[in-house]
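Residue numbers (my numbering), protein chains in the order written: chain A, 10 to 275; chain B, 10 to 275; chain C, 10 to 275.
Source of the hints: derived by calculation from the structure; they are not laboratory data.
One or more of the hints may lead you astray.
Each pair may be met inside one copy or between any two copies, as identical chains are not told apart.
Computed list of lysine-lysine pairs in DSSO-like fashion (alpha-carbon distance at most 30 Å, straight line) [unchecked claim]: (1) Lys246 to Lys176; (2) Lys234 to Lys273; (3) Lys246 to Lys234; (4) Lys208 to Lys234; (5) Lys33 to Lys176; (6) Lys246 to Lys33; (7) Lys273 to Lys246; (8) Lys205 to Lys234; (9) Lys273 to Lys208; (10) Lys208 to Lys33; (11) Lys205 to Lys273; (12) Lys33 to Lys234; (13) Lys205 to Lys176; (14) Lys273 to Lys33; (15) Lys246 to Lys208; (16) Lys176 to Lys234.
In case you want the letters, here they are:
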Amino acid sequence: MVYPDSGFVTLNVKFNQRNLFIGKNVTIAASAKIGDNCTIYDNVSIGENSIIANDCVIGEPLSGYYSDVENYQNPATEIGANALIRSHAIIYAGNRFGDFFSTGHRVIVRENNVFGNHCHLGTFTDIQGFSVFGNYMRTHSSVHICQHSRVGDFVMIYPFVVFTNDKYPPTTIPQGPEVGNYTQIAVNAVLHRGVKVGKHCLIGNGSSIAMDMADYTFFAGNPAKLICDVRDLGQAKGETYYPWPLRFERGMPWEGIGYENWLKGE
Amino acid sequence: MVYPDSGFVTLNVKFNQRNLFIGKNVTIAASAKIGDNCTIYDNVSIGENSIIANDCVIGEPLSGYYSDVENYQNPATEIGANALIRSHAIIYAGNRFGDFFSTGHRVIVRENNVFGNHCHLGTFTDIQGFSVFGNYMRTHSSVHICQHSRVGDFVMIYPFVVFTNDKYPPTTIPQGPEVGNYTQIAVNAVLHRGVKVGKHCLIGNGSSIAMDMADYTFFAGNPAKLICDVRDLGQAKGETYYPWPLRFERGMPWEGIGYENWLKGE
Amino acid sequence: MVYPDSGFVTLNVKFNQRNLFIGKNVTIAASAKIGDNCTIYDNVSIGENSIIANDCVIGEPLSGYYSDVENYQNPATEIGANALIRSHAIIYAGNRFGDFFSTGHRVIVRENNVFGNHCHLGTFTDIQGFSVFGNYMRTHSSVHICQHSRVGDFVMIYPFVVFTNDKYPPTTIPQGPEVGNYTQIAVNAVLHRGVKVGKHCLIGNGSSIAMDMADYTFFAGNPAKLICDVRDLGQAKGETYYPWPLRFERGMPWEGIGYENWLKGE
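Here chain A stands alone, though its shape is the one from the complex (with noise of 0.2 Å):
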C-alpha cells in the first residue's frame, strides 16, 4: 500500500508527503500524520492521532534483509493511539509501543521491545533491543538500555546512564539489569549486568551499581554503597524529597489529585 493512494490526506502540520516511501502492508490510522522523508517498512501500523516527524524511520528491517532478502519477513510493528516521534528516529521492527508514546530527536530503537503506555525516549536515546518497558517510563537525552533489561513503571532516567549486561567482555549470555517502579536514575550512572534495583530508589550521579538494592534506597559512588533511605532526605531541613510523586505531578496520572488519593483508586 501506497500512503498516497492510501485514503489518508489531510495534514495540518507541514507534511507534504515530499520523499516519503511506505511498504507493504502498512496500516496509517486515518487521523494519524507522517512527515516528509520518513521511510515506514513492511507491517507497521501506526494508531489513531499519532505523529511521525519528519526524516524517521519505522519499521527498520534486522539483519536478515541484508543477507537473505528473497526469504526475509519484516517483523510487526506497532505504534499506538497518540503518539508523537519527533523528527530522525529510528525504530527497528518487531517493537510494540503503548498508546501516547513520544520522543525527542535521532533516537534508536532496535528490534523486540515492548514498551507501555506514556512511555518518552530523549534526544540520542539507545535502546539496544529484546527489553521491557512500563508505563510512563522516561529517558533524557543520550541514555543507553542494553538488550534484555527491564524497566518499571514511572522510572525515570537522566543523561549519559548506561545499563550493561556483561561482566567479562565479551559474553555470548547477556543479561540486562532490572528496575523498579519509581526509581530515579542521575546522570552517568552505570547499571551492572543482572542487579536488582527496588522500586523507589535513587541512583546517584555517576554511581557504579554492581549489587542489588532493596527498595527504597539511595546508593552513589563508585563503587556505589548504600547512603541512606531515600525517605530520609531532606529531613534536617524538614523536607520530605522521596518518595517523589508526592511532591511531583506534571504529566502524571495523578496530576490535579495528588499521588495518594490516585493510588487510592488504583
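Fit chains B and C to the supplied structure of chain A, relying on the hints for placement.
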C-alpha cells in the same frame, strides 16, 4: 516565500536545491548557501555568507506546533553572518546566534538560547535551551547542556561533559550552572545544579562539581576537590600551562599578537 | 558519473535510487547497493557486494570545501568489499576501509583514518580522524576516539569510552592513546593522552587510564590502578575468563576451530 523563487541562486558548493523546504517569512542573505534536503521553518533569518549544509532543520517548531497547529506561531530564529552549520543539525525556533557560528554534525539546539559571536558546537552536542552563551565558547563532541545554564567567553567544554539543573530529580524548578570566561572543562565532568564556576578555572576529567569554584582554581575528583591554583600547574617543570591564552592562539582574537597585547587593546 | 547512468541497476533491498546524489569519479561495484537519500561525493570507491543503506553521506568534504571551493579537491575514500554501512552514516573523504566493514546507525568518521578488515563501528560512534585501526576491532555505541589514536586487532570498546589526546587543554600538539591487540575496554573508561595499553588487557568500567598498562593486565578505578593479571580472573571459581578468545568465537576467524588451533595456522 519559497526559496527557489527568492532570487537566491548561485551555489558554488554541491547544493542543488534538491528536496528543500522553506517556510514563510524566511530571510536568506543572497550570499548564503543552503544545502540539499534542508527544512527551514517559518520566521528564520540567515545572514551574509552563511552556509547551512545538507540535511539541516532550522527553526524546528516547539511543542505547540503539534498540539495546536491552528494558532501556532513559530518564534523567530536568527543566524548571523558567516555561519557554517555542518550537516544534519536541528536548530529549534527561538534561538539567536551571533556571527561566525559553526558546528560539527548532528547538533541539536532546543529553543530560546542566545549565543555570542564565534561559538562552535561539536558533533552530537545537545543544548537543551533557555541558556546564554558568550563569545568564542566551544563544545567538543557529545556535550549536554541543561536548560537555564550560563557559559562565558572562551570557555571550552570537552566530550561527554554534562550540565545538570536538578539535585533531587525530578524537579519543577531547574537551575543551571554558570561558568566564567576562559574556563576549561575536561571530558566526562558533571556540573551540578546551580554551581558557579569562576573564570580561568580547570575542571579535571570525570569530576563531579557540586560546590562553587573560585577564579583560577583547578578542581578534580568525584566529589571534586580543590587541587591547586591553575597558575601553579607545570611549575615543577618550569612551565606555565594556565592561563591557557598565554600559550594557545589558534582561532583566537589574539592570534598573531599574543594574549597580553590583545588584552591591552580591549 | 551519475549513478542511474552508471549501468548499475539491480537492487534487491528497498533502494529505489530515490533522491540520490553521486559526485564525480565515483566507482561503485556492480554488485554493490546504495540506499535512498544518500550523498556520495567525489572520488569515492565502493567494493563488491557492499551495501550503503539509506541516508548515508560518503566522502564528506573537508573544511577547504567550504572556504575555497574553486580549488578544493576531495581526497579519495575507499570502501572495500562486503561492507554493510547502516543508515545515516557520515564518512569523510580521505578514509580507507578494508573488507567486511560494518556499522550501526549514525556513525561519524572524520578524515584520514586507515581501518583493517572486519571492523565494526557501533551506533553514534564518533571517530575524529588521523587514526589507525587493526582488523576485527569493534566499537559499541557512542564511543569517541580522538585524533592520532592507534587501535590494534580484535580490540573491543564499549559504550561511552573516550580516548583523549590532551593533558592540559587546549593543546596544539595532540597525542592519542595506543591500544594493543585483543584488549577489552569497558563502558565509560577514559584513556589519556599518549598512554600505551598492552595486548590482552582489560580496562574496567569508568576507569581513568593515565599510565601505561603492560600486557595481560587488568586496571580499574579513577585514577586506575593495577588490579591483577587478567589470567587470574575467575580462578577462585575455577574459571578462565581471559584471554577471552579461548571462550568467545562468534564472528571471529577462529569460529569453529578454536583460538589455539587458529593461532597455530596463522
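Hints, one by one, checked against the model:
{"no.": "1", "hint": "Lys246 to Lys176", "verdict": "between (40 Å within a copy, 14 Å between copies)"}
{"no.": "2", "hint": "Lys234 to Lys273", "verdict": "neither (34 Å within a copy, 47 Å between copies)"}
{"no.": "3", "hint": "Lys246 to Lys234", "verdict": "both (23 Å within a copy, 25 Å between copies)"}
{"no.": "4", "hint": "Lys208 to Lys234", "verdict": "within (17 Å within a copy, 33 Å between copies)"}
{"no.": "5", "hint": "Lys33 to Lys176", "verdict": "neither (42 Å within a copy, 48 Å between copies)"}
{"no.": "6", "hint": "Lys246 to Lys33", "verdict": "neither (60 Å within a copy, 53 Å between copies)"}
{"no.": "7", "hint": "Lys273 to Lys246", "verdict": "within (29 Å within a copy, 49 Å between copies)"}
{"no.": "8", "hint": "Lys205 to Lys234", "verdict": "both (14 Å within a copy, 28 Å between copies)"}
{"no.": "9", "hint": "Lys273 to Lys208", "verdict": "within (18 Å within a copy, 53 Å between copies)"}
{"no.": "10", "hint": "Lys208 to Lys33", "verdict": "neither (42 Å within a copy, 49 Å between copies)"}
{"no.": "11", "hint": "Lys205 to Lys273", "verdict": "within (27 Å within a copy, 43 Å between copies)"}
{"no.": "12", "hint": "Lys33 to Lys234", "verdict": "neither (52 Å within a copy, 56 Å between copies)"}
{"no.": "13", "hint": "Lys205 to Lys176", "verdict": "both (15 Å within a copy, 24 Å between copies)"}
{"no.": "14", "hint": "Lys273 to Lys33", "verdict": "neither (46 Å within a copy, 51 Å between copies)"}
{"no.": "15", "hint": "Lys246 to Lys208", "verdict": "within (24 Å within a copy, 32 Å between copies)"}
{"no.": "16", "hint": "Lys176 to Lys234", "verdict": "both (19 Å within a copy, 19 Å between copies)"}
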